[in-house]
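Novice: Protein chains in written order, with the working numbering: chain A, 1 to 483; chain S, 484 to 796; chain P, 797 to 1455; chain L, 1456 to 1675.
To be clear, the hints were calculated from the coordinates, so they are not data collected in a lab. By construction, the Cβ of each residue, glycine as well, lies at the ideal position given by its N, Cα and C atoms. Don't take each hint at face value.
[As the list claims (entries may be wrong)] Distance ranges between label pairs, derived from CB positions:
1) A/Leu12 / P/Phe1453: 50 to 56 Å
2) P/Leu1011 / S/Val491: 31 to 37 Å
3) P/Thr826 / A/Leu11: 55 to 61 Å
4) A/His437 / P/Tyr1411: 40 to 46 Å
5) P/Val1418 / L/Leu1645: 44 to 50 Å
6) P/Glu1311 / S/Gly739: 26 to 32 Å
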Amino acid sequence: MVLLWPLVVPLLGSVVMLGCRDPRLAKRVALAFCAAEAAAIGILVWRVHESGALEGQYLRADGLTCFFLVNIAFIMVLALVYATGYLQHMGAGRFTSPRWFYALVNLFLFTMVGVCLSANLGVLWIMMEATTLASALLVGFYNTEGAVEAGWKYLVVCTVGIAFALFGTIVFYLAAVKAGMSHTSALDWLALFAAVSQKQFDPNLVRLAFVFVLVGYGTKIGFVPMHSWLPDAHAEAPTPVSAMLSAILLNCAMYALLRYDILVSRAIGAEFPGTLLVFFGLVSIVVAGLLILVQRDLKRMLAYSSVEHMGIIAIGMGLGGALGFLGALLHTFNHSIAKSLLFFGAGNVRHNFGTLRMDRITGMGRSAPLTAAALAVGALAIVGMPPFSLFVSEFAILSEAFSHSRYMVGGVFLLVLSIVFGGFAYHLFRMTCGEPHKGLPKPQFTRTEYAVMFIAGFLLLFFGIRIPEAFSLLLREAVAVLQ
Amino acid sequence: MTVLIGVVQALFLVLAAPLLKGIVGRLKARFQKRQGASIWRPYSDLLKLFRKDDLVPPTASWVFRAAPRIVFAVIVSAVAFIPVIQSSALVGHKGDFILFVYLLAIGRFFLMLGAMDGGSAFGGMGASRDALVSTLAEGPLLLAFVAVSIVAHSPTISGIVQWTLGQNFFDISAVHILAFTTLGIVALAEAGRMPVDNPATHLELTMIHEGMVLEFSGPSLALIEWANAIRLNVLLALLIALFAPWGMAAEITWGGLGLALGAYLVKLLVLAVFVAVIESSVAKLRMYLVPDFLGVATALSILAVIFTMIAKR
Amino acid sequence: MTVWQATFWTFLALLGVAVPLTQLGGKSKTVRALSTFLLLLGTLAGLSVASRCLWQGIPVNIELPSVASFPVSLTIDRLSALFFFLICSVSLPVVIFSTSYIAHHYEAGRARWMWALLSLFVLSMAVVVTSSTGFAFLVGWELMTLVSSGLILIEGDAKDRIDNVFIYLLMMHGGAAAVVASFFLYWPSAHGLEFTSIRSASANLSAGVRTAIFLLTFVGFGTKAGIIPFHLWLPRAHPIAPSPVSALMSGVMLKTAVYAFVRFGFDFLGGGPSWWGYLVLTAGAVSGLLGILFALQENDLKRMLAYSSIENVGIIYLGLGTALLFLAHGSPKWAALALVAALLHSLNHAFFKSLLFLGAGAISDGSHRLSQDELGGLQKRMPMTGVAILIGCCSIAGLPLFNGFVGEWLLFRSFLAGPNLASAQAQVVLPLLVGVLALIGGLSLACFVKAYGVVFLGRPRTEQAENAREVSWSMRGALIALAAICLGVGLFPAVLLAPVSHLANRLVGGFPPTEEMQFFAVMPWMGAVILVIGSLTLLASHRKRVTATWGCGLPSLTSRMQYTATTFSKPLRMVFARVYKADRKIEILPEDQPYSPESVSYRSVRTTSFERAFYRPAVERVVGLAHWLRLMQTGNIQVYLLYIFLTLVALLVFLRFQR
Amino acid sequence: MEFADVAAVKVVSTSAVFLMMTIVLLAVSRRISTSILVFGLQSAIITAQVAGTAYLERSAEAWVVAGLIFVVKVLGIPYAFFWLVAKLKSRRDVQAATTPAQSVFIVVVMIFVSYAAVRSYAFGIRVPEDALAASVALILTGAFLMVSRGKALMQMLGLLVLENGIFLAALTTTFGMPLIIEMGILFDVLIGLLLMGIFAFRIRDTFEHLDVSRLRRLRG
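One chain only, chain A, in its complex shape:
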C-alpha cells in the first residue's frame, strides 16, 4: 500500500485538476496534491529506511529508488510552487489553461514516479514510454510553431528510441529465459538480480541487450548523438516543465539505464557497460560543451548544459567505485537543483524582456537585479565553482577517474569544464552587464518565484559546504544498491 500511494496521488490529482476550472482554485488544489505527493514519497522513503527494500509484484522500492524519489519530490515542489506564480503571466487558451497544465503535470509526475517504483523491466519500459507521452503535450503546450515542431520531434524521436529499448528488453528477457528462468519471473528485477550472479547468461545476448537499451534509454537521457530532441523540447516547453524535463525526466531515464547497468555488470562484468557509459559520457560532454559556446537562446544553452551534465553523471556511473557512484548520484541531485534554478531565472527573463535571445538582452544587473543574481548563482554552481555543491560532486567523479589512472578521461573532463565555464561566463556577462534597454517593464514577479529561487540557491550553497546526515544516509543506501 505504501508503494501505491505515490502513484495514486498524482493520478488522482490529474483527474481532479481537470475539474477545477477556476484558476485560483486550481492553484490551491495543485499545491495540495503536491504536498500530498511529497508526504507519500516521504513516508515511503522512511519505511524503506526503517525496514529495508519494499517488494511488491510489479512495484518495489530500495535505496536507489528512494534517492531518485527524493530528487523528484524536491524538484516537484520547487517547480509547482514556481508554476503557481508563473501561470499568472499566462493567458488561458483552449488547452492552455492552468487546469490542463496541472493535470498534465500530475500525469507526468505519475509516470516518472512509476519509472522509479517499477519492479519489472517490462513495466519499467511501459512507464518510460508513458513519460514521453505524458510530457509531449506539455512540451507543445503553448501551441506555437516552435512548440508544435518541438513536440513532434520529441514524440517521434523518443518513441523510436524507446522502441529500441523495448527490443533490448526483449533480448534481455530472451537471455534470462535461455538461462533457465521461468517466463513469468524473467522480467522481475528481484529475480533477475538474484539470477544474474548465479545462473549463466549468454554474454552475447546480454551485450546485445545492453547496446539496445543504451541507445533506447540513452535517447531519453540525451546522450550525443541521440540528444537532438532535447534542446528543442527544453527551449519550447513552459519554464516549469523545462525545469522538470531536465531536472527529473533525464534522471529517471538514467535510473532506468542504471537498473540494466547493475544487472549487466553482474552478469558479464562491469567492464563492458562501464566502457560504453564512459564513452557516451565523454562524447556528450565534449559536443555539448562546445555547443554551449555558440548558443543564442538562453534556454537552449541550458538544455545543452543538461546534456553535458548527463554526460558527467554517465562518466561517474561508468567509472563505478565508491567515489564514482557517490559523485554521480550527488551530481544528479545537485544538477537538478541548479538547473531548475537556472530555468526559473530564464522564465523570469522571458517575462521581463519578452525574449530569450541572449544577444538582445543587456543590463539585466540594473533592470532585474534579483533575476540576474539568481542566474549568476545558478551559473556559478553549474560550472562547478566552489562553494557550490556541484564542485563537490565533480571533484568526487574526477578523483575516481584519476584514482584509476584514467588520465585521458580526467583530462578531457577538465578541458570541457573550462570550455563550458567560458561559454557561461561569456553569455552571462553580456546579459547582466552594461546599460539596460530603455522602456522595459519593471519586473513584477510574485514573492513565490523569488522565494523558490532563493531556496534553490540556498540548497546549492548548503550542500556545497556540508551534506546533511540524513541525505548522506540516503546516498549511502543508494550507493549500496549500485555496488
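The hints should help you fit chains S, P and L onto chain A, whose structure is shown.
Specialist: Frame of chain A; chains S, P and L shown alone:
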C-alpha cells in the same frame, strides 16, 4: 692602523678628485696646442660656487636641493670600497662589488630626479639620455666584475686585489684583459667622458650630464661637479686596484706606504694621459650609436665570463 | 584547543562570517564601523599567529568538518606562515587605507559589498596558503579568483572592463584546471589529497608522473603568478580593480601562486632534473625583461605597476629556478641561498608593490588622474604621499638601503655561486644571469625615475594636477606605514633572514652559507654615513633664493615644454624597438590639408606577440569547431533519426569486434 | 497429426516470406492509402502467426494476444489512419526522398543484411532463422520509412512497422512476453498514435502542410 690608512686613502680619493680633473683638462689643452688653465683651477671653481647662494626654480620641491647632497654623500660613501695604497679599504671586506655598483646607482637615481624637478626641457632630456646610458652600462659593468671575482674566488674588491697581488703580472689571464677593456669603456660612459658624453659642451644635441646639471647653481652645482670628479677618480682607482695593484703596501711601514703612493700616482697619471688622449682624439658618438658602443662592452664582458669557465679546464 | 588555534579560528570567523554579515546586514553606520574594526581585529589575529609560527616554527593545525568524505584542514607550517604573514601584514595597511578610500569612492550600497568581498578575498588567500588538503586548497584557489573578479566588477560594468574580467576569469579557470590535474595525479599513489600523504607519496612516483606534475604546476601556478607567456590577464585585470584591491592582487595574490609553486616544487617533489631549473630560469628571465620593458612604456600608472609585477615575479622565478638548479646538482646550501632570495623578494615585493598601488590610489584620489602625462608637480601638493611613494620607487628600483635590494642582492650572490657547480653550462649560465638581472635592475630604475619624476616633480601638466590635494590621514598613515616597513627591512634585513633561512633549511635540507648573510651588517652604517655627509653638505649651502627657471630667453616656460613620460622613455623605446613591435599611428586632422594641419596626434599601439601567435588562433579553432557542430544539428527530424540508427549500427559493429 | 496442426506449422514457417513481400510493397507504394493497406496486411500476417503459435503451444495467453493484435493493428489502426487522411485532407503521396526503384534496392539490401546479422544469433538460441530475419528486416524497414518519407503520417506508419518488427522478434524468440506486459505495450502504442494524430492536426493547423522534413525552425 689599517682603518686609519683606510680613512686616509678615502680622504685622498675625495680631495684629490678635482686635482685629477684639472690635470686631465691641462693635458687635453696641451694635446690641443693650448696653454690651458692651471691644474688647481677646479678647486677655485668649487670655492667660488660654494660662496654663491642656491638658486631654486619656483616649481621645484625639496627634491631639487636634496638631490645634489645625496649624490655627493653617496659617492663619498662609495669611496670607502676602493683600496689605494693598501689592499684593504674601509668596507673592503664587508661590502661586495654589487653593493658598490648599486650605491653608484642611488646617486644616478637622485641626480635624474633633481634634473627633472627643474621644470625645464633640458633636465628631462638629460635625465632620459642618462637613463639610457646607465641602463646599458649596468650589465657589462657587473659582468666584468663577475668575471674577475670568479677568477679571484672572492666577491669583495679587496679580496680580488689581494688575490691579484699574489699573481705575477705576466700570468694574467685573458679574462683580465677582456674585463679591463670592458671596465675601461664602462668607466668612460659612467663618468660621462668622451666618446659617450662631452663634459665641455652645452649643445642641446649632445649634452647628457650637462643637461641634467643645467638648472643647478651655487653649492648644489659645486657638490655635483665635485661628486662627478670623485666618480672619475674612483673609477680610475678601481681600474688600477683590480688590474694593476702591484706596489700596494703589503705590510704597514712608512716606506712601503710611500712606495705604494708613488706607484699609484704614476699609474693614475698614465690613465689620465690615456683619458686625455681619447678625449682630444675621438669625436663624440651620436646619441643612438652609444648603445652599440656599450654593446661592444657587453659582448666583451660576456666573453670574459665564458673564459672563466674555459680557464678552469 | 590551544590559544593559537583559537586565534586562528578568530581570524577565520571574523573575516569569513562576522565582517560580511555585519556589512551586508547592518544598515546603521555604527554597525559598519564596527565591522571595519572587526576586520582589523581579525587581520591582527592572523598576523600574530602567523608571526609566531614563522619565528618559532611551531605549526598550528585546525580541522574543519569534511565535505562528502573530503577532509578539510588548515595547517600553518613555516612555509605557510611566511605567506600568511605576508597576507596579513599587507592587508592591514590596505584595510586602513580603504576606510577612507571606499568612503570617498562608493555610495553606501557598493561600499558594503566592497568591504564584504574585501574581507572574503583576504580570507580566501589565507585559506590557499594555509590549507593542508587538496580539497581545501582548490576551494580557496577558486574562491580567490571569483571574489577578486567580483571586486573588479564592483567598480563598474563597461564593455571593455567586462571583456578584461572575462579574460581574467577564463585564464584563471584554465590555470585552475591544470592545478586540479596536478593534484589528482597524486591520487593513485597517495589515495587522497592530504598534504602529508602527498608528501610521502612523492618519493616513489615514476619519473613521467613527476614531470607531468611539475609541468602542470608550472603552467597552472604560472598563470596565476602572471609569468610570460601566461601573463595576458595580468595587465588587463590589475589596473581596472579599485586601488586597494589591485594592491592586494598584485602584492599578495600573485604570491599565493609562488607559495603553491614552492610547495609543489620543493616541499612535495623536492626538486628534480636540472632542466626543470633551466625552464624556470628561462621563464623568470623572459618575464623579468619583457615585464619591465613593457612597464617602461606604460604611461598609465596602474598598468605600469601591473607590468612591473610581472617583472618582479620574473625575478622571484629566477631565484626559484636557481634553487632548483643547485638542488639538481646536489648543493643544498646554495639552493637554500637562492630560495631565501626568492622568498624574501616575494615578501619585499608585496610591501613595496602594495605601497605603490595604494599610492596610485592616493594620486587618483587627490588629482582624479592616473596618466603620468596628465600629472606633475604633485610633490609640493601632496608632500607626505610623495615621500612615501619616493621610498616605494627606491625600493622597487632595487636601490641599497631599501628592501627591494635585499632579495636581489642575495640572488646575485647565488648566481655568483654558479662556478662551484660541476656542470659546465651551469658554470656559465648562472654568472651570465647576473648581467640579465643587472639589465632588469637598470631598466626598472629608469622606469621608476620616470614615474616619480614625471608625476611628482616639475610643473603640473593639467589643472587637475595643479589643484591636487593631499589625501586623508588614514590613507597617508597606510602609505607611511608601508614606506617605513620598506626602509626598515632594507636597513635591518637580518630580522627576516633568520626565520626564512630556517624555512629554506626545512625545504631543501641545508642552511644558506652564513658568510653570505654577514654582508647585510654594513647596511645601517652605509645609511648612517650617507645621512651624516648629506646633512653636513646642507651646512655648506647657506642661502637659498627662488628664481625663475632659465628658459633660453623665453619669457616663461610652460608645462608643455617639459619632457613627458613618453619622450622620457623614447631612447630606450628606440633601442628595444624589436621587442615592442609597436606600430605607429600618426593622425593629421583635418585629413584633406596635411600641410596645414590643425592637430597632429601620434600614438603607438602594441599587442603582445603571444596573443597574436597563440591565444587568438586557439580560441578561433575552438569556436570554429563549435560552429561546425552547430551545423550538424540541422533541424531535420529525419536526419536526427538517421543519427540514432547509425549510432545503433556502429555499436552493433563494435559488438561484432568485441568477441 | 491432424490437419490443423499442419496448417498452423505451415503458417508459422511461411509467414516470414509474406512479410518480406509486404516490406517490398511498402517500399514501392507511392500513396499513403496503399501503405496503410499494406500495413494492415502485414499485421494480419503477424496475427496469423501468433494464432498459429497459440494453437501449437495451446496457450490461452497467446490467443488473447492474437485477438488484441487483430483488433488493434488489423482493424483499429488502419481505420484510424484512413479517418486521419480523410480529415487532414492532405496530399495523397508519401513525399518520398527516394524513387521506388531506389527504395526497393535499399530494402532488398536490408533483407540480406538482416539475414547476415541474425545468423550468428539464430544458431545460438535455436529459433527459426527466417522469422527472426524478417523481424529485423521489419525494424530496418520501419527505420528506413521514417528517415525517407517526409509525410507525418508515413513516419507514424514507419514507427508502427518498426513496432511490428520488435513484436515479431519477441514472438519468434520467446513466444511473447507476459500478457500484462504485452497489453501495456499495445496500450502505449495506441496512446502514442493518438498523440501523434493530435500533433498531426496541430502541424496542419500551424504550418498548412504535413511535411515534417520542412519543420526546420529549431536548429543549432
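Novice: Hint by hint, say whether it matches the structure.
Specialist: Hints versus structure:
| no. | hint | in the structure |
| --- | --- | --- |
| 1 | A/Leu12 / P/Phe1453: 50 to 56 Å | 52 Å, holds |
| 2 | P/Leu1011 / S/Val491: 31 to 37 Å | 60 Å, violated |
| 3 | P/Thr826 / A/Leu11: 55 to 61 Å | 59 Å, holds |
| 4 | A/His437 / P/Tyr1411: 40 to 46 Å | 33 Å, violated |
| 5 | P/Val1418 / L/Leu1645: 44 to 50 Å | 47 Å, holds |
| 6 | P/Glu1311 / S/Gly739: 26 to 32 Å | 29 Å, holds |
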